[in-house]
Amino acid sequence: METTFRLSGGGGGDGGDYGDDDELELGLGLSLTSAAYAPSSNGALSSQVVGWPPVKTYRMNSLVNQAKFSKNEEEKGVGGNDGSKKKKKNSNKNDEKMVKETGHSGFVKVNMDGLPIGRKVDLNAHDCYETLAQALEIMFLKASSSIRREKQQHSRLLDGSSEFVLTYEDKEGDWMLVGDVPWRMFLGTVKRLRIMKTSDANGLAPRYQEKNQKPKSKQLELRR
Amino acid sequence: MDPDLTKPWALPEEFLKRTFALINSDKDRNSASLVCKDWYNAERFSRRHVSIRNCYSVSPEIVAARFPGIRSVTLKGKPRFSDFNLVPEDWGADVQSWLSVFAAAYPFLEELRLKRMAVSDESLEYLAMNFHGFKALSLLSCDGFSTIGLEAIVTHCKNLTELDLQENGIDDLGGDWLSYVPENLTSLEVLNFAALDSEVSFDALESLVSRCKSLRVLKVNRKISLDQLRRLIELAPKLTELGTGSFAEDLVSSSVTELESAFSKCRDLHTLSGFWDVTLLYLPVIFPVCGNLTFLNLSYATLGAIELECILTRCKSLRRLWVLDTVGDEGLEMVGSCCPLLEELRVFPADPFNQELGVTESGFLSVSNGCPNLHYVLYFCQRMTNAAVATVAQNCPNFTHFRLCIMSPGEPDYLTNEPMDEAFGAIVKTCPNLRRLSVSGRLTDLAFEYIGNHAKNLETFSVAFAGTSDLGMEYVMRGCPKLRRVEIRDCPFGDNALLSGLAQYESMRSLWMSACNVTTDGCKKLADEMPRLNVEVIKDDGGEDGSADKVYIYRTVAGPRTDAPPFVVTL
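Chains as they are written, first to last, in the working numbering: chain A, 97 to 320; chain B, 19 to 589.
These are computed hints drawn from the structure, not numbers from a lab.
Some hints could be false.
What the hints assert, rightly or not - The following residues of chain B were derived to be distant from chain A, with all beta-carbon distances above 10 angstroms:
1. Val68
2. Arg71
3. Asn186
4. Asp194
5. Leu203
6. Ser282
7. Pro302
8. Asn310
9. Leu359
10. Lys447
11. Ser480
12. Lys542
13. Arg573
To be verified - Here are the simulated EDC-like pairs of lysine to aspartate or glutamate, each with C-alpha atoms no more than 20 angstroms apart in a straight line:
14. B/Lys256 <-> B/Glu180
15. A/Lys287 <-> B/Asp56
16. A/Lys293 <-> A/Asp209
17. A/Lys152 <-> B/Asp161
18. A/Lys152 <-> B/Glu107
19. B/Lys45 <-> B/Glu524
20. A/Lys287 <-> B/Asp558
21. A/Lys267 <-> B/Asp558
22. B/Lys176 <-> B/Asp161
23. B/Lys542 <-> B/Asp513
24. B/Lys543 <-> B/Asp581
25. B/Lys241 <-> B/Glu267
26. A/Lys152 <-> B/Asp369
27. A/Lys152 <-> B/Asp245
28. A/Lys152 <-> B/Asp182
Just so it is clear, CB atoms sit at the ideal spot from N, CA and C, and this is done for glycine as well.
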């Protein structure tokens with residue numbers, strides 16, 4: 097199954113120069129390969145799969161604590177003072193939270209049309225739609241890691257320019273287009289995500305915001 | 019005492035009792051109990067230790083009814099994948115229901131070893147108050163308790179010989195629990211609090227070590243400095259296992275020589291662990307004991323190849339080695355050249371999400387070249403080749419435990435880009451004694467066919483992100499007669515695969531399947547066919563209707579769980 101995506105930004109951008117007009121061929125295999133994982137530079141993207149690699153939580157926490165400790169030692173020089181120790185303690189707690197699955201609140205399941213196996217993504221690792229969508233692109237669409245993304249670039253999953261769109265099921269069981277509500281509200285209502293073929297999501301309007309509209313976003317009519 | 023000729027095995031009861039009292043192996047006891055009713059009874063009355071490897075496979079009442087004389091219990095709870103956050107909190111495995119029954123049935127209980135159980139402070143207090151001769155507590159990968167529970171244990175267990183806390187999710191509230199140990203307690207033989215974060219009172223610790231003349235295992239936590247450690251080992255030179263505290267240089271005033279001299283008095287030391295914050299400077303203090311070491315656990319020490327070489331050149335007797343992959347392939351070369359007697363190697367990832375670092379197939383090959391006795395390996399790496407693993411198998415045909423984790427899911431052979439089928443094929447073909455196998459990398463059904471055809475002694479099997487169709491799981495379930503524990507995640511195995519194992523499940527301990535293609539219908543079918551299994555579905559919030567995202571299946575004589583939380587549904 098081959099799918100072609102255009103790199104250049106479609107409508108609905110904040111401006112900014114994308115620079116790159118080249119068409120990007122992204123093959124879409126049915127099996128998950130290692131290319132679905134981001135390189136180390138992007139920490140938040142890498143830790144997307146729950147419980148993988150299979151290293152005991154206790155050990156991960158220990159190692160994280162040590163890394164922070166040695167980092168602080170470097171910063172303060174020999175003879176760390178109380179300040180650095182306190183700092184270590186706080187950051188350790190955050191890391192522990194990061195490593196521990198926070199039940200439903202952080203991770204949601206993501207499925208993509210055509211792939212038998214879904215993945216899980218940690219919504220808490222993101223603070224806006226863009227990074228989430230980019231993470232999913234790398235995870236599912238094998239976006240090449242060598243392409244550096246500018247912060248202003250919009251994910252093709254969000255701006256309607258690709259063959260796939262990102263949708264989500266909310267608490268009421270309705271499927272919505274991702275991006276219609278403020279991020280925080282989205283976090284509170286999202287149950288799971290689905291990367292859907294644009295053609296299957298009938299009656300879909302491109303992302304828009306109308307202040308006069310009722311709080312509930314436009315519901316997707318799904319062609320089954 | 020004429021032997022009855024019609025029942026040649028009708029031996030006198032006293033004789034049976036005394037003979038059975040000498041049998042320690044659970045396996046032997048299980049076999050013996052099947053011979054006849056007399057032997058069954060002799061066995062059950064004389065048994066002092068029972069191991070329950072799945073706490074839901076039997077109820078505490080049944081255990082207490084069958085074995086009236088138990089003094090020592092080993093109890094394991096949650097499925098192993100709970101170590102990796104795949105099992106929701108409050109899933110179960112609470113030890114309290116067992117303690118409540120044991121308080122009445124085994125008031126003389128002396129030892130309790132728990133693994134992956136939920137243990138509350140109240141339970142620890144209950145244990146301390148209700149079992150007056152209690153001696154040994156070992157908690158491995160348990161959670162739910164805090165240092166308050168520990169206070170209760172050390173306060174009330176007057177005969178404490180062992181307190182072993184490993185890798186637990188302890189709520190460390192500080193509070194100086196160690197100072198609650200009574201002044202007149204001198205019986206301690208094992209003390210392991212390495213997993214606790216907070217400071218303990220060093221005075222209390224020092225006094226305890228000094229008066230417990232039988233202390234043989236001491237594993238302190240990171241808050242103990244080398245200076246303090248020195249004082250402790252000077253008080254306890256007969257230690258056989260030592261877990262150091264921190265090697266951080268700014269916390270030490272003793273010289274290297276002074277520390278070395280203290281270590282040199284520990285002639286019985288064969289196991290060493292700890293090594294937090296270790297650097298080249300103070301590493302030499304352990305040199306005097308290296309020659310006797312059989313087990314060295316450096317898995318919390320971010321050492322490089324050079325530091326590792328320093329140590330290993332002196333560790334000629336080493337049998338077991340745990341390291342971080344910070345030592346790199348160069349470090350593993352050192353292992354291969356310095357430790358010819360090595361039997362077990364575990365290489366853990368220091369930074370699992372950094373693809374630049376770690377070890378590769380080259381390190382694996384080096385070790386296998388130098389260590390032909392290797393039978394247990396756990397290897398985390400970023401990349402691997404089929405050829406390398408095949409060579410490793412040739413070099414080390416004695417593998418009993420082969421756990422290879424290529425950290426990117428579905429990663430192929432990085433040189434040929436082919437699946438890793440041939441790698442695991444080589445292992446199962448070459449190593450007839452293989453009992454435990456964890457696979458990784460890109461695998462088609464062929465890998466599973468190899469396993470099903472060759473791994474006839476396989477007992478524990480773990481697989482993730484692998485396989486092409488139901489056939490994969492079917493090959494293994496049909497081909498491996500000795501399976502005990504199977505754990506599968508993120509594989510395309512559906513209901514047919516699940517049902518293919520029908521004949522096996524009653525002789526297995528458990529099966530875990532998560533994020534596969536199993537449906538609740540399929541699980542229901544299995545449950546209907548096999549009434550002596552508990553087929554449990556753990557409901558996932560975001561799950562599609564009909565799909566069974568997490569399934570845990572195990573044999574049981576206790577029926578469906580009575581303590582199941584709402585998200586665990588027994589079909």
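Against the structure, the hints come out as follows:
no. : hint                  : verdict
1   : Val68                 : 26 angstroms, holds
2   : Arg71                 : 19 angstroms, holds
3   : Asn186                : 7 angstroms, violated
4   : Asp194                : 18 angstroms, holds
5   : Leu203                : 28 angstroms, holds
6   : Ser282                : 28 angstroms, holds
7   : Pro302                : 19 angstroms, holds
8   : Asn310                : 27 angstroms, holds
9   : Leu359                : 26 angstroms, holds
10  : Lys447                : 25 angstroms, holds
11  : Ser480                : 8 angstroms, violated
12  : Lys542                : 22 angstroms, holds
13  : Arg573                : 25 angstroms, holds
14  : B/Lys256 <-> B/Glu180 : 16 angstroms, holds
15  : A/Lys287 <-> B/Asp56  : 60 angstroms, violated
16  : A/Lys293 <-> A/Asp209 : 7 angstroms, holds
17  : A/Lys152 <-> B/Asp161 : 13 angstroms, holds
18  : A/Lys152 <-> B/Glu107 : 15 angstroms, holds
19  : B/Lys45 <-> B/Glu524  : 18 angstroms, holds
20  : A/Lys287 <-> B/Asp558 : 11 angstroms, holds
21  : A/Lys267 <-> B/Asp558 : 14 angstroms, holds
22  : B/Lys176 <-> B/Asp161 : 24 angstroms, violated
23  : B/Lys542 <-> B/Asp513 : 10 angstroms, holds
24  : B/Lys543 <-> B/Asp581 : 24 angstroms, violated
25  : B/Lys241 <-> B/Glu267 : 13 angstroms, holds
26  : A/Lys152 <-> B/Asp369 : 13 angstroms, holds
27  : A/Lys152 <-> B/Asp245 : 31 angstroms, violated
28  : A/Lys152 <-> B/Asp182 : 18 angstroms, holds
Taken one by one, the earlier hints fail for this structure at numbers 3, 11, 15, 22, 24, 27, listed in ascending order.
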